Amino acid sequence: MKRREWLGGSVAGGLALGGMAAFAQTPGRPRSDLPAKFAPSAFAVPSTKYSPFTTPDYYTYADDLVVERNRPGKPHAGKVLAAIQAHSDDIPLFAAGTVAKLIDEGYTAYLIRLSNDEAAGRTLGYGVVQNELDNQNAAKALGCKKAYSFYYRNHRMDDCAMIEIRSRLIFLFRMLQVNTVVCMDPYNHYDENPDHIIAGKAVEGACWMSGSARDYAEHYKAGLKPARIREKYYFARSPQGHNLVNRVVDISTYIDTKVRVNMANKGKGPAGSAGARLRQELLQQGKKLPLLGEDDEAANFQYVKFFLMADHHLFGQQFGCEYAEAFRYIGTEPNYVDNIRKYAAEHAVPA
Amino acid sequence: MQNNNVNITVVRKQTGQPHAGKVFAAVHAHQSDVPHYAAGLCARLMAEGYTGYLIRTTNDEKSGRGSIAENILSNEQEQLKMAGVLGFKDVFDLYYRSHFMDAIAAVEIQSRLVLLFRMLKVDTVITYNPAAQGDDDSDRVVTAHAAQEAAWMAGQDHDFPEHFEAGFQPHDVLERYFLCAQPGQPFNRVVDISAHIDRKVDALAQCKSQGGGNGGSLLRARLEREQKRLPILGDNDQTADREYIRQFLLDDSREAGKPYTLAYAERFYYVDQRQPSRSKVDDYVEKHAVRL
Numbered sequence: 002m003k004r005r006e007w008l009g010g011s012v013a014g015g016l017a018l019g020g021m022a023a024f025a026q027t028p029g030r031p032r033s034d035l036p037a038k039f040a041p042s043a044f045a046v047p048s049t050k051y052s053p054f055t056t057p058d059y060y061t062y063a064d065d066l067v068v069e070r071n072r073p074g075k076p077h078a079g080k081v082l083a084a085i086q087a088h089s090d091d092i093p094l095f096a097a098g099t100v101a102k103l104i105d106e107g108y109t110a111y112l113i114r115l116s117n118d119e120a121a122g123r124t125l126g127y128g129v130v131q132n133e134l135d136n137q138n139a140a141k142a143l144g145c146k147k148a149y150s151f152y153y154r155n156h157r158m159d160d161c162a163m164i165e166i167r168s169r170l171i172f173l174f175r176m177l178q179v180n181t182v183v184c185m186d187p188y189n190h191y192d193e194n195p196d197h198i199i200a201g202k203a204v205e206g207a208c209w210m211s212g213s214a215r216d217y218a219e220h221y222k223a224g225l226k227p228a229r230i231r232e233k234y235y236f237a238r239s240p241q242g243h244n245l246v247n248r249v250v251d252i253s254t255y256i257d258t259k260v261r262v263n264m265a266n267k268g269k270g271p272a273g274s275a276g277a278r279l280r281q282e283l284l285q286q287g288k289k290l291p292l293l294g295e296d297d298e299a300a301n302f303q304y305v306k307f308f309l310m311a312d313h314h315l316f317g318q319q320f321g322c323e324y325a326e327a328f329r330y331i332g333t334e335p336n337y338v339d340n341i342r343k344y345a346a347e348h349a350v351p352a
Numbered sequence: 103m104q105n106n107n108v109n110i111t112v113v114r115k116q117t118g119q120p121h122a123g124k125v126f127a128a129v130h131a132h133q134s135d136v137p138h139y140a141a142g143l144c145a146r147l148m149a150e151g152y153t154g155y156l157i158r159t160t161n162d163e164k165s166g167r168g169s170i171a172e173n174i175l176s177n178e179q180e181q182l183k184m185a186g187v188l189g190f191k192d193v194f195d196l197y198y199r200s201h202f203m204d205a206i207a208a209v210e211i212q213s214r215l216v217l218l219f220r221m222l223k224v225d226t227v228i229t230y231n232p233a234a235q236g237d238d239d240s241d242r243v244v245t246a247h248a249a250q251e252a253a254w255m256a257g258q259d260h261d262f263p264e265h266f267e268a269g270f271q272p273h274d275v276l277e278r279y280f281l282c283a284q285p286g287q288p289f290n291r292v293v294d295i296s297a298h299i300d301r302k303v304d305a306l307a308q309c310k311s312q313g314g315g316n317g318g319s320l321l322r323a324r325l326e327r328e329q330k331r332l333p334i335l336g337d338n339d340q341t342a343d344r345e346y347i348r349q350f351l352l353d354d355s356r357e358a359g360k361p362y363t364l365a366y367a368e369r370f371y372y373v374d375q376r377q378p379s380r381s382k383v384d385d386y387v388e389k390h391a392v393r394l
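Those sequence lines, one after another, are chains A and B. Start counting the first sequence at 2; every next residue gets the next number (the numbering used here). Start counting the second sequence at 103; every next residue gets the next number (the numbering used here).
Bound-form chain A, shown alone (with noise of 0.2 Å):
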């Protein structure tokens, strides 16, 4: 069996826009005994091994996969985002860098955090408090106007009633006007994580009945108005994440703010203040690590900014970017009536 580098030819023009040098010229490629006669339809995704929640195991890429760059001015004011999680590190490890470039080119964003996430902590009540502190920490580092949380059982929202769980993001939806939202792909296989899915499929039936006339019609006479939620962002949790990549966020000028946005995380997740207690266990042992630097906050930073987000470098690096996140995108529809009435336009002729 011939061996061959594991990069098909199909995805080889998707990437021309970022940079398909780059994405060659990546060491430590995997090498696959997957014959020359299949084209593969995944893509194993570099990691640097530091932790498992960065970047997944592997990305499928649509052929008009696109890089988001930095837009000038405030592209988005006026328009709301609500970034929807299941736990209190999930935005900050998967998305909080497009959060971040997002809410600066003029969204306004809400944090929409499901669970409790009672089963990260000391005791379940402990855990409970940090992560809804963290919660809100995670929400005012990245720039959202308010955090909300519903508090389900971590671990469990399958037992949840899904239809509870949309109602009352129609509800937040409705009444914040929502326009955007970034959330865990309903669509993300081998996710071991039940949260994840039910968060990612409550979203994705919210985001559209939230512009219904007719589901919870007593809504409108509380006086909220239909949400029309025309953009989604999905990513993939990792280490086992395995979704349809066709948009990549060039989040290099915001790694800073997302590197913040994970210290906030105490409660769970890599992040919080591992670099301080990786300082002291060197110190006790009469080192030091000289990235760290000299104190606890510093620690911390560059813990997170040199071991969590490397791999959003290495995965950046592929497509031209310094630092990026990767989405299943979805964007406004086209108007398909309106192109039959410009078709009829242009090629009616006389009766």
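In case anyone wonders, no lab produced these hints; they're calculated from the structure. For clarity, every value in this text was computed on a predicted model and none was experimentally measured. Some hints could be false.
As the list claims (entries may be wrong) - Below are the EDC-like pairs computed for lysine to aspartate or glutamate, each with C-alpha atoms no more than 16 Å apart in a straight line: (1) B/LYS164 to B/GLU178; (2) B/LYS191 to A/GLU219; (3) B/LYS164 to B/ASP238; (4) B/LYS223 to B/GLU277; (5) A/LYS222 to B/ASP195; (6) A/LYS146 to B/GLU264; (7) A/LYS202 to A/ASP159; (8) A/LYS147 to B/GLU267; (9) B/LYS223 to B/ASP259; (10) A/LYS146 to A/GLU119; (11) A/LYS146 to B/GLU267; (12) A/LYS222 to B/ASP192; (13) A/LYS226 to B/GLU267; (14) A/LYS267 to A/GLU133; (15) A/LYS147 to B/GLU264; (16) B/LYS223 to A/GLU133.
Following the hints, position chain B against chain A.
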């Protein structure tokens, strides 16, 4: 009718508007339930100052002579007319599928009722008795539990806090009238509805897809085909329906009033959770507090 509760309060006719400024919500599963079991109470409370809202939880698709779709439409429209006759300020339909409400997540129904109770500032709820036995209709059982739990949750300051931001604050629903919808269900309050019986008749007359509101016109048509007539049914369908209701559908109301010399009454299990303005602690402090 059996009743284990011996402390029965008879609410007789009263004058004026003692309930001015208060709000009630009548929550039923099927459009003919409030008309049958509480139309007199609703009319009376609104005459005495309450603002009333009607909430129907199902779509009533199984009730009527049409297709499932036609039944949904006819029940929806009849309920609007019935609510107008009784004087309800507004009607809310949740349209859960009739007879299948036990498959709906209870918490979702509760959440919608909590929003409505807060939004409408409901003080009093009228619904089925969640503790009563003997009802085959699971929609009523589910509705009863959802309404009772929502009445309690509506006043809590940690349930659905997103409502507060939308301008709807916690609101206690402290009075409950639970219907006697089946023989043997408990009651502790008998409400004189004699002065409002015409409203009840008018309300029932709107319930044509279910509830027997068009029983008179149907009977009149049948008799006509058989070359007969029943003088009490009068000369037109409208009269026939009303007189049929008076003759055949008000037995429970007459029966409920009879022991108390009331022409017509309705029975309820009434729960009042309003607290006295002075608590036991207030009284104790007043008696025992000393100067420092």
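Practice prompt. Take a quick look at whether A/LYS202 and A/ASP159 sit within 16 Å of each other, Cα to Cα.
Written response: Holds, at roughly 11 Å.
Discussion item. Against the 16 Å threshold, does the CA-CA distance of A/LYS146 and B/GLU264 hold or violate the hint?
Written reply: Given pair A/LYS146, B/GLU264 holds - Cα atoms ~15 Å apart, limit 16 Å.
Worksheet item: Are the Cα positions of A/LYS222 and B/ASP192 separated by 16 Å at most?
Response: Within the cut-off at roughly 10 Å; holds.
Worksheet entry | Satisfaction of hint between B/ASP238 and B/LYS164, Cα-Cα up to 16 Å | holds, 15 Å
Fill in: Given hint B/GLU267 paired with A/LYS226 - CA-CA distance at most 16 Å
holds, 15 Å
Worksheet item: Would the pair A/LYS146 and A/GLU119 pass a check requiring their Cα atoms to be no farther apart than 16 Å?
Response: Given that 16 Å is the threshold and the Cα spacing comes to 25 Å, the pair is violated.
Practice prompt. Quickly compare the C-alpha distance for A/LYS267 and A/GLU133 to 16 Å and report which way the hint goes.
Written response: Holds, because 11 Å separates the two Cα atoms, which is no more than 16 Å.
Discussion item. Just to be careful, I want the Cα atoms of B/LYS223 and B/GLU277 compared with a cutoff of 16 Å; is the pair within it?
Written reply: Roughly 13 Å between the alpha carbons, so the hint for B/LYS223 and B/GLU277 holds.
Worksheet item: Under the criterion that the straight-line Cα-Cα distance not exceed 16 Å, is the pair A/LYS222, B/ASP195 satisfied?
Response: holds, 12 Å
Fill in: Pair hint outcome, A/LYS147 versus B/GLU267 [Cα-Cα no greater than 16 Å]
Distance ~11 Å between A/LYS147 and B/GLU267 Cα, so the pair holds.
Discussion item. Please verify whether A/LYS147 and B/GLU264 have alpha carbons no more than 16 Å apart.
Written reply: holds, 12 Å
Discussion item. Check the hint pairing B/LYS223 with B/ASP259 against an upper bound of 16 Å on the C-alpha distance.
Written reply: holds, 15 Å
Violated hints, in rising order: 10, 16; the structure is consistent with all others.
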